[in-house]
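Colleague: Input sequences plus hints: build the corresponding full structure.
Each chain, written out:
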Amino acid sequence: MSIVHPDRLLPADPATREIARRLYAEVANATILSPHGHVTPGLLLDDAPFGSPSELLITPDHYVTRVLHSAGVPLDELGRQVDGDPSTVPSETIWRRLAEHWHRFLGTPVRYWMENQLSDLFGITEPLTPANADAIHDSITATLVDPAFRPRALFNRFGIEVLATTDDPADDLAAHRALAEDDTFTGRVLPTWRADRFMTPDQAAWPLALNALAERTGIDCGTYAGLVAALRASRQHFVDHGCTATDTGVADADSTPLDEAEAERIHARGLRGAATVAEATAYRHNLLYRFAEWSCEDGLVMQLHPGVIRNHHRATFERFGADVGADLPDVASFTRPLAPVLQDFGTNPNLHLVLFTVDETAFSREIAPLAGFYPAVYVGAPWWF
Amino acid sequence: MSIVHPDRLLPADPATREIARRLYAEVANATILSPHGHVTPGLLLDDAPFGSPSELLITPDHYVTRVLHSAGVPLDELGRQVDGDPSTVPSETIWRRLAEHWHRFLGTPVRYWMENQLSDLFGITEPLTPANADAIHDSITATLVDPAFRPRALFNRFGIEVLATTDDPADDLAAHRALAEDDTFTGRVLPTWRADRFMTPDQAAWPLALNALAERTGIDCGTYAGLVAALRASRQHFVDHGCTATDTGVADADSTPLDEAEAERIHARGLRGAATVAEATAYRHNLLYRFAEWSCEDGLVMQLHPGVIRNHHRATFERFGADVGADLPDVASFTRPLAPVLQDFGTNPNLHLVLFTVDETAFSREIAPLAGFYPAVYVGAPWWF
Amino acid sequence: MSIVHPDRLLPADPATREIARRLYAEVANATILSPHGHVTPGLLLDDAPFGSPSELLITPDHYVTRVLHSAGVPLDELGRQVDGDPSTVPSETIWRRLAEHWHRFLGTPVRYWMENQLSDLFGITEPLTPANADAIHDSITATLVDPAFRPRALFNRFGIEVLATTDDPADDLAAHRALAEDDTFTGRVLPTWRADRFMTPDQAAWPLALNALAERTGIDCGTYAGLVAALRASRQHFVDHGCTATDTGVADADSTPLDEAEAERIHARGLRGAATVAEATAYRHNLLYRFAEWSCEDGLVMQLHPGVIRNHHRATFERFGADVGADLPDVASFTRPLAPVLQDFGTNPNLHLVLFTVDETAFSREIAPLAGFYPAVYVGAPWWF
Chain A
1 MSIVHPDRLL PADPATREIA RRLYAEVANA TILSPHGHVT PGLLLDDAPF GSPSELLITP
61 DHYVTRVLHS AGVPLDELGR QVDGDPSTVP SETIWRRLAE HWHRFLGTPV RYWMENQLSD
121 LFGITEPLTP ANADAIHDSI TATLVDPAFR PRALFNRFGI EVLATTDDPA DDLAAHRALA
181 EDDTFTGRVL PTWRADRFMT PDQAAWPLAL NALAERTGID CGTYAGLVAA LRASRQHFVD
241 HGCTATDTGV ADADSTPLDE AEAERIHARG LRGAATVAEA TAYRHNLLYR FAEWSCEDGL
301 VMQLHPGVIR NHHRATFERF GADVGADLPD VASFTRPLAP VLQDFGTNPN LHLVLFTVDE
361 TAFSREIAPL AGFYPAVYVG APWWF
Chain B
1 MSIVHPDRLL PADPATREIA RRLYAEVANA TILSPHGHVT PGLLLDDAPF GSPSELLITP
61 DHYVTRVLHS AGVPLDELGR QVDGDPSTVP SETIWRRLAE HWHRFLGTPV RYWMENQLSD
121 LFGITEPLTP ANADAIHDSI TATLVDPAFR PRALFNRFGI EVLATTDDPA DDLAAHRALA
181 EDDTFTGRVL PTWRADRFMT PDQAAWPLAL NALAERTGID CGTYAGLVAA LRASRQHFVD
241 HGCTATDTGV ADADSTPLDE AEAERIHARG LRGAATVAEA TAYRHNLLYR FAEWSCEDGL
301 VMQLHPGVIR NHHRATFERF GADVGADLPD VASFTRPLAP VLQDFGTNPN LHLVLFTVDE
361 TAFSREIAPL AGFYPAVYVG APWWF
Chain C
1 MSIVHPDRLL PADPATREIA RRLYAEVANA TILSPHGHVT PGLLLDDAPF GSPSELLITP
61 DHYVTRVLHS AGVPLDELGR QVDGDPSTVP SETIWRRLAE HWHRFLGTPV RYWMENQLSD
121 LFGITEPLTP ANADAIHDSI TATLVDPAFR PRALFNRFGI EVLATTDDPA DDLAAHRALA
181 EDDTFTGRVL PTWRADRFMT PDQAAWPLAL NALAERTGID CGTYAGLVAA LRASRQHFVD
241 HGCTATDTGV ADADSTPLDE AEAERIHARG LRGAATVAEA TAYRHNLLYR FAEWSCEDGL
301 VMQLHPGVIR NHHRATFERF GADVGADLPD VASFTRPLAP VLQDFGTNPN LHLVLFTVDE
361 TAFSREIAPL AGFYPAVYVG APWWF
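If you read the protein sequences in the order shown, they are chains A, B and C. Residue numbering for the first sequence follows the working numbering, starting at 1 and increasing by one per position. Residue numbering for the second sequence follows the working numbering, starting at 1 and increasing by one per position. Residue numbering for the third sequence follows the working numbering, starting at 1 and increasing by one per position.
Treat the hints as calculated values from the structure; they're not laboratory data. Every value quoted in this text rests on a predicted model; they were computed, and no experiment measured them. You may find that some hints are simply not true.
Covered stretches of chain A (in silico footprint by chain B; criterion: 3 or more residues with CB under 8 Å from a CB of chain B, positions within the stretch not fixed) [claimed, not checked]:
id, region
1, 43-50
2, 229-236
3, 358-372
Far from chain A, some chain C residues (derived; all Cβ distances over 12 Å) [to be verified]:
id, residue
4, 51
5, 73
6, 109
7, 248
8, 378
A virtual CB, placed ideally from N, CA and C, is assigned to each residue, including glycine.
Modeller: Here is the structure:
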């Protein structure tokens, strides 16, 4: 029995609430098609029991850790590894931290979500408090040893029809292949091609990404032409493994192409560690244009998440790495920056460009109008990423 | 009898709905003063029967065609002329296309509007479907031969008190004059001066616009000073024909003036086909400033629609021309870009500057505050254009 | 008895209204902690009776005068001094002007606020009209001689626990000191440090500000280093007088620091009247960074109000001075422009940076996400300033 209110996200007005209930009832038991997620295929391949409650529900969830961080809790006290070293903080300690700060989550989707999990999945029917934190932690721990709480069992129980993961172009997709060939698992898990780290020739880690891709594809990435060939080979490899879509996250949606000579020039400067921010930005804009161009050929749906400044706090990035909650939204624009892509491919029947935003005003101002003219443009769901 | 719900655009909450009903009832039968429309005066002068249902309700309405276009229907299949050649697609075929895609319009003002017309004007009481598309098409066709459905009869039936058209500065306003002198028509139809095409010295069609204006006014437009004199003569001609307002659509509202030498320099470059985008933009900003300056003298109300990128898809523009639904909104700003105009004319009792936007957030952020200080600024209606 | 509706600012839907009533009842009688106001301490020190109704309720309130100004009433007819000379317009005349234009305030917070004052404070139970304007004016005048309507009596009646004023760094805080030492007044009134006028080396009044500060602190402000030392001495003087916070209003939130040599160069150019707009802007951005840096040391809470263009209408500013309603909002951004400050001090436990905006969309897009990661960031109230 759930302790969360069944109407918790529906309108308050009785007339519209009644309509919302009716609409929700029609889809509440639909199977899940997850077009863009962050589950690793290895999780389902290994099907090992989940770790501790904090490892499962707090440490890797940047929606949870960011709020605790903003309340002054350092990330290393929440189980994040520091300078590459794994954490030794006990799960109970981290869980108690969540309980102490639980009031800060009131009214947030994070709390709705967590309460939903605790109640409907783990059968915990009292609200989390510092006083019952240890007992709840132990209860979850006990539940997690139940085979019904292993990844594959949950995959089936949740009614997931398709799960798309997010994968690096240099990934050999061995886990996906093994999972597809595993007769004991019937779920459909597809890779998604995400090449963000190849778009940043001003970053210290960029040459490492090129090397990894070169090793995977056997194509030298020392030139722009080489990188293009390797990325396209990688896309084909993904397509061969069931991939249907790409995903791209960029600070802005500018999609101005470069001529090849200029792209080669910046590529060479990037390899020497000499690319300026302006050059790297132009290089990124060009690759965004190319991704659309390639989608017209290989048919991969193009998901685009612009308008977020990643790793906004450098010291946190250097100490704790990416995906800790420091990706912060900027004003997002689409109509002007996407003009180059839409000029050339906006009526191409092979392009399916899904535009996401965390700037809610962009839906009515730009995304819906673009989708209302261009056959290639689709409106993405209004959610964080 | 109408099949559209009388409360369809009112709030759902019963208390506010009751108030909304009361307010709406007070204005529902008011006469219409249309300050900015796209009816040509010739339509009322000739008073010929309307053409086919598609010619009347689909092909020229870019709100309708854009949604069909976004669903993959090419514009030439919707009756738009291609490369200047008129369409030969039968009205029934186009109408069937609308019926096939009618579900895509659910929840849009376009569908509300069309259902309102079909029901209240044409007496069609069943929803449009592919199955009844031909029957509905025939029913509208039959109705349109009724003299009560000619332009003048509808003008009177709709209770239109004043209708302002949109006219080019090079127009001689002969149709307006004839309409005003026609004793058999008592409606009031006024011209509106719209000079957008004179603001674009980087466009291939710009010299043609100058030539047309020169021919109309007898003033050589080969210089900036000449163009200014011709535009002002044209405004006077409009005022003499009852014009009370201008309208201007620009990508941004920047109103920085140029000194005359710089304006002349860009004008000359434009005539040689050598004006850059930056020069053309500066030239446009200067003309926007001049329009405000002239309004302080001749008293024409100044309507301004910034923030839309016109003809966003070049290939569509080249094939089908303007006004096909490819004018797409950008982020709009007013406070900073309009500073030059407001510095100099914001308290001038002769200026009435009406600011429109499709960026809804600009109302509370910029337009209302500007109107709340400057006597010259008015808040325009929140609608598409 | 109040004539204003007790639910006037609550939701219309009965279910949510009931919840809102319950929540409001819990805080309606709370004491007031005013973190940022525009009362001068001398008002409470002198405790003299207030002047006429217009002097109290119209002339100094730019929310009121701006609407009248937008209706075409010149500011000099509303009691504002012109070119530095005090007004001679009688209070009755100004009050009548308000009554004539009272319908223009319908639906605004200004009217809600004024009706609340007239009804609950002055016991006036009929709506203001031109017909009763004189009678209401006389009634307020009569009430204002009552000792219960002197500043200190109202301070107590309103349940003010703390009142923070807004003060110039060159202020010696004598009034605050005298008020704190006055045994007959027990209210807590704190100064707030606001240094906006020291951030504008391109303004004619900037050297005068430097001179005033130099005189107050005894530190020569002829160099940037001198100004920094004097501002920091001033902050310490404020802290010694109970100050807990600073306030800063800027056109944008860019906080890029300068190296000292460049800051000195622009400072010197400012003193020669030669600083460009670009130089003055860079100088301002640097000082914003310094204010955050200093807050990390002296612990003063940092209130920031970016996104407003002050004194938008130059002619009005030159004739009537600042704060007449011509401070107009621009698009506001936070995530990108505040990066320099947040990179360096965003996790500093001593920084408390409160972000305010009049661009409502910035709350969900930028301010809440920033506050949801950075311990130093707080969400300011959604109100005009």
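Colleague: Honestly, which of those hints from before does the structure not fit?
Modeller: 1, 2, 8
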